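J.: Read top to bottom, the protein sequences are chains R, A, B and U.
Every letter in the first sequence is one number past the one before it in my numbering, and letter 325, counting from 1, is 305.
Every letter in the second sequence is one number past the one before it in my numbering, and letter 170, counting from 1, is 150.
Every letter in the third sequence is one number past the one before it in my numbering, and letter 267, counting from 1, is 247.
Every letter in the fourth sequence is one number past the one before it in my numbering, and letter 250, counting from 1, is 230.
Please note that the accuracy of each hint is not assured.
Given that identical chains are not distinguished, each listed pair holds provided it fits within a single copy or across any two copies.
[Unchecked claim] Straight-line alpha carbon distances no greater than 25 Å define the calculated DMTMM-like cross-link-like pairs of lysine to aspartate or glutamate that follow:
id: 1; residue 1: 24; residue 2: 4
id: 2; residue 1: 327; residue 2: 195
id: 3; residue 1: 24; residue 2: 289
id: 4; residue 1: 24; residue 2: 161
id: 5; residue 1: 327; residue 2: 136
id: 6; residue 1: 24; residue 2: 229
id: 7; residue 1: 327; residue 2: 0
id: 8; residue 1: 24; residue 2: 169
id: 9; residue 1: 24; residue 2: 207
id: 10; residue 1: 24; residue 2: 0
id: 11; residue 1: 327; residue 2: 161
id: 12; residue 1: 24; residue 2: 286
id: 13; residue 1: 24; residue 2: 291
id: 14; residue 1: 327; residue 2: 278
What the hints contain is simulated information worked out from the structure, not anything from laboratory work.
Small disclaimer: the values here were computed from a predicted structure and weren't measured.
Number of protein chains: 4
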Amino acid sequence: MHSDITDGPPEPELEQLYRDFATENLNPLWTQLSDLMPESPAPKAVPHVWRWNTLYPLAQRSGDLVPVGRGGERRAIALANPGLGGAPYVSATLWAAIQYLGPRETAPEHRHSQNAFRFIIEGEGVWTVVNGDPVAMRRGDFLLTPGWNFHGHYNESDAPMAWIDGLDIPFVHYSDTSFFEFGSERVTDEATPPTSRAERLWAYPGLRPLSGLGERTNSPIAAYRWEYTNRALAEQLLLEDEGQPATIEPGHAAIRYSNPTTGGDVMPTLRAEFHRFREGAHSRTRREVGSSVWQVFDGSGTVTLDGREQELATGDLFVVPSWVPWSIQARSGLDLFRFSDAPIIEKLHFNRTFIEGEQP
Amino acid sequence: MHSDITDGPPEPELEQLYRDFATENLNPLWTQLSDLMPESPAPKAVPHVWRWNTLYPLAQRSGDLVPVGRGGERRAIALANPGLGGAPYVSATLWAAIQYLGPRETAPEHRHSQNAFRFIIEGEGVWTVVNGDPVAMRRGDFLLTPGWNFHGHYNESDAPMAWIDGLDIPFVHYSDTSFFEFGSERVTDEATPPTSRAERLWAYPGLRPLSGLGERTNSPIAAYRWEYTNRALAEQLLLEDEGQPATIEPGHAAIRYSNPTTGGDVMPTLRAEFHRFREGAHSRTRREVGSSVWQVFDGSGTVTLDGREQELATGDLFVVPSWVPWSIQARSGLDLFRFSDAPIIEKLHFNRTFIEGEQP
Amino acid sequence: MHSDITDGPPEPELEQLYRDFATENLNPLWTQLSDLMPESPAPKAVPHVWRWNTLYPLAQRSGDLVPVGRGGERRAIALANPGLGGAPYVSATLWAAIQYLGPRETAPEHRHSQNAFRFIIEGEGVWTVVNGDPVAMRRGDFLLTPGWNFHGHYNESDAPMAWIDGLDIPFVHYSDTSFFEFGSERVTDEATPPTSRAERLWAYPGLRPLSGLGERTNSPIAAYRWEYTNRALAEQLLLEDEGQPATIEPGHAAIRYSNPTTGGDVMPTLRAEFHRFREGAHSRTRREVGSSVWQVFDGSGTVTLDGREQELATGDLFVVPSWVPWSIQARSGLDLFRFSDAPIIEKLHFNRTFIEGEQP
Amino acid sequence: MHSDITDGPPEPELEQLYRDFATENLNPLWTQLSDLMPESPAPKAVPHVWRWNTLYPLAQRSGDLVPVGRGGERRAIALANPGLGGAPYVSATLWAAIQYLGPRETAPEHRHSQNAFRFIIEGEGVWTVVNGDPVAMRRGDFLLTPGWNFHGHYNESDAPMAWIDGLDIPFVHYSDTSFFEFGSERVTDEATPPTSRAERLWAYPGLRPLSGLGERTNSPIAAYRWEYTNRALAEQLLLEDEGQPATIEPGHAAIRYSNPTTGGDVMPTLRAEFHRFREGAHSRTRREVGSSVWQVFDGSGTVTLDGREQELATGDLFVVPSWVPWSIQARSGLDLFRFSDAPIIEKLHFNRTFIEGEQP
């Protein structure tokens, strides 16, 4: 009854049909199903490692050559995944950049629907001002500038400073959800307190101010300080030494940064974690739906991405696209910061994890 | 101290810097900020209307020329948004297609992480079999095949049948969350009951089987029947006549299809609604974050998309990309089915709505 | 060092200590621990059966002797659990009463924080008016009057009518959460429509009005009609006949009335269900934390409460206090309505269930 | 038609009716409505103050006269509300007691469905062992022993120690939800670490161990240490000095102890807070549904309960039954611990608050 698509005569009619589809802005499923709906995630983004000792000098050169100010807004240099055709995206959904601020410079205030954080692996002297609240940036700290909060950066020191920005720019761009608004040219409060007002109100274990009840979309903790992260990880390894359940696998301690008003992730689209591997420890090989970016905070080791092992040194960044197998091996002790799009994947119920050696 | 980016000499160093960025898979923010992070959503997808009297004959021709079976899987012809470069996407996140099944044909079973539904504006005689449960398809019905449920279609009549498929294929493709698996060549149950087992268990107002407690990711109601949709809309207009609050604006009744185990949307990524306009009624002009697709079920009127008014007749489909102003005007009474990516937008807290004449 | 509490000398000092405790409004734990904190629930309420053929004539006599009106408010006769010292409580937390309204009588409007429902096993002709919305009462219907909604009852017929009221009066009394306000002397709308406005807006399978989005504390469905309950139960037994999962145990179908905006219970403190046993079927023996009340709607059988089997006929009510083992045996087919305080128990995480023959 | 209930002849029939009600375990609503369903909460519990300088010596005498051990389990002396007829209940739902442990004594391990906490206003040297995890008790600390966790107390010092226990014993007794089980005669771990394992894993601002994801019914933080509570309150007052929003009313700082996995209360039935009043500050007068108990931790002032002002000194406890107006006035700075049944009230949607001078 039907003509056979694979052989013979009726091809002219079929060709005409496909031309008519194109004219009418139509596109048949049957010719492209396997690309559209692969059997498992087939990301265009590829695993890749960026070296801190390459990134940082380039950021320095930008500091010499490119001013920071209204219009360009930020001296941020994005990791561009080699698989994504030059787009400034580290993965399909994530943005990661090194931002560099010279002595006494200000990155002007703005706000946008994109969610952002800063993670600092070296230096200090810059304050991020979030809705008028100056937040000191220091090694090991993790700072939030959630969507639609005005924020700028201010270097009050005589030394430059660089750090990592993480945002959901690709996701927001893709999903057509971007709003952006310019704010003050300078930061709205140039004070340089050691602790932000947000922390003074919110950064206590399990204590909430009665003046701030209810759930909040974003964590109200402006900065998660290294002192606590470090102590939490150290204690997990000590508890493991004592035979107590604490780590996620032998020699592998990890914390997730959380919103104390919900227990969930710090912002609606971004998850952030810190991982510590004991000397010689390694993770099992995992595949996860969704992409993540890691930065080595301290120590040395290797990462195996899709079967290819690569050296890691302090400051190096690598991306794990969706469903790419990864494992980490520590030579010395190894500390890594990680962020991912896991909240997007989980809220929409697409999450799956495969761990080598476990039953699915 | 800094060179001025806008004029003069140091360009060679800057050019070299940009070349070095490219070599190292880096990309500066400051040269592309406004494209990356626009002041309000700037979708590539454009508003567009597809005509049923164009679509249906093309589907018929496909029925004559293209077999349906394993590999191609479905004789589905996707609406390809003119702004998206020929991709089979009706908007950034959504897929909409007309699917056509000839007499006695079977579209084989498969399952995928993509969420899907069917909406029927004419015809009958096909059963969609979802995890072994045959679900009759009839005019006005809305059927679910949620992610990872095996499903196939079976035409037990001597007439062809066409309907609309809606999926989150572009979103799943973009977010690298696709899993796909082939199932049975024929449907696993060729019975043709008027009502599915899922409906017999679940489709009652406010009643839940004790054998199915707890929240479910997807609505367990396999088919939302026209009889109830029609009655619900008719009652809203009657209640409006009686001076009772029921409609969302004068002469505009609307229902949302919901998951009875949560009260939320039927599937994690897709929202579906049905709207009825009284003769001569119109909606206010709205902008919403996120995209939606409408199909005229019955009646005539016009839609104004970004200021351009276009005629609507039964079966016509149109897409409203993110933040594009839209309004609908009914000439006769006008019934429309709508689906959108609103659950994605809302769960990630990017939702905003602007209604003309209301304070934001 | 310490005196021994169980024998000998230092008793005078101890007696003085206990007297001093009493004087200072103190009370030692150690003398009464086992009563205060028993090893498993030790309710004062006892299992008991009330007979419809006793209740109904007493309600009729009340109709002849006691007027209904402002002050007394309702001609309701409460089941008083024999273990509770004459208090009008069917269990520690629950109230159950037969309410009787003579021809053309009105029970005036009032509102209270207590949550209430009506269940009807015979008769018709009365409308319950909830916040101005008249709701017809007919055999098999389950009606809600949630906390703080004005409501009255109006008999527009020439025959008396009786039904069952269920409330959380004992719980509200105990927890000191009672608010009460008188309303109109007559019902605010004496219309007698077959269907309430609330049902016309809300009582469809899985459809929600766009004018009523968001979660609601109470189900907006004013009446759950027998037609749907009956059909849902019948289909469960048919599905069981077809070998499909549908019943909760062989020959035992059951539905829970739910809030379509959440999927949860109809009101914050009360759960309501309907159970149907096939001829000759029986339940396994269960113990549950929390109390429940059952009414036979139709058929005959027995209930075994704490090992004692008792006959059941249409209209009979029985109470199952917390942790009392119960099982039901159907002679003919047996239909039963059930309500309980399960939402209180579950929200506070005290729920446990023991099913004979299952591992805990 | 009806006889008039208030005057005259038909009384014999009515008396017979009431006798028949009693015989049949029935009880009419109309004779007792106003007691059963008052217009606003009418608690039997009354406001009352217990003095620390009375309580503590009585606890000491108990220490001399009454052993602690299996059977009596705890040397705990409960506050018995004068309105509750001698029952060991501080309010309808709450239990509060002073517990006293002599040098080197052990209170044996047990577990129960009742939720419990300890709050310490003086002394140290005792460890509470919760599921095998020893938790040091020190001035200002707030310790959890949630429902069904084994726990015992162990005094490793040569001095006695006393503290406050708070539980939901009356509620659990009332709602017939008590389960109780004896455990080890001695505590299962007699180590005396300064910090519990639970704190080492969980007590960081906004950090969660990856080994402990998901929501938990109870807060996993075994002890909320005074150091953090004190600092949080001090910062709120400093922020107020700086003109920042932080306190709940002028001069009144307050924190709520929370479950970091949900942001909600520490246990399903009990809320705990700490309040600090600046010298000379006072609260507005409030009425709240539900009861609460306060203990003065430090400082002096007065409380006004139902219009009656009473002096407060360190260690004094007072109870505020449901809907009783209360206000607190600080003379010196005044620190108070508070606990309440608010989670019960709020989860069941009975909560209302009236604040003098605010619109309801």
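J.: Between the shortest in-copy and the shortest cross-copy C-alpha distance, which are at most 25 Å for residue 24 and residue 229: within, between, both, or neither?
T.: Intra 31 Å, inter 45 Å, cutoff 25 Å: neither.
J.: Regarding residue 24 and residue 289, is the shortest C-alpha distance of 25 Å or less found within a copy, between copies, in both, or in neither?
T.: Classified as within; 20 Å inside a copy, 39 Å across copies.
J.: Given a CA cutoff of 25 Å, do residue 24 and residue 161 count as a within-copy pair, a between-copy pair, both, or neither?
T.: Between copies only: 21 Å across chains, 32 Å inside a chain, cut-off 25 Å.
J.: Since the copies are identical, ignore which copy is meant and state whether residue 327 and residue 161 lie within 25 Å (CA to CA) inside a copy, between copies, both or neither.
T.: Between copies only: 23 Å across, 28 Å inside.
J.: Within a copy, between copies, both or neither: where do residue 327 and residue 136 come within 25 Å Cα-Cα?
T.: Classified as neither; 40 Å inside a copy, 38 Å across copies.
J.: Under a CA distance limit of 25 Å, which applies to residue 327 and residue 0: within one copy, between copies, both, or neither?
T.: Classified as neither; 39 Å inside a copy, 39 Å across copies.
J.: Tell me, please, which holds for residue 327 and residue 278 at an alpha-carbon limit of 25 Å: within, between, both or neither?
T.: This pair counts as neither: shortest intra-copy Cα distance 32 Å, inter-copy 35 Å.
J.: Within a copy, between copies, both or neither: which one fits residue 327 and residue 195 at a CA-CA cutoff of 25 Å?
T.: Answer is both: 17 Å inside a copy and 14 Å across each meet the 25 Å cutoff.
J.: For residue 24 vs residue 0, is the C-alpha pair at or below 25 Å within one copy, between two copies, both, or neither?
T.: between (30 Å within a copy, 23 Å between copies)
J.: Indicate which option fits the pair residue 24, residue 291 if close means a Cα-Cα distance not exceeding 25 Å: within, between, both or neither.
T.: Classified as within: same-chain Cα gap 23 Å, cross-chain 40 Å, threshold 25 Å.
J.: Should residue 24 paired with residue 286 be assigned to within, between, both, or neither, using CA atoms and 25 Å as the limit?
T.: within (14 Å within a copy, 33 Å between copies)
J.: With identical chains, the pair residue 24 and residue 169 could be close in the same copy or across copies; at 25 Å between alpha carbons, which is it: within, between, both, or neither?
T.: neither (43 Å within a copy, 38 Å between copies)
Violated hints, in rising order: 5, 6, 7, 8, 9 and 14; the structure is consistent with all others.
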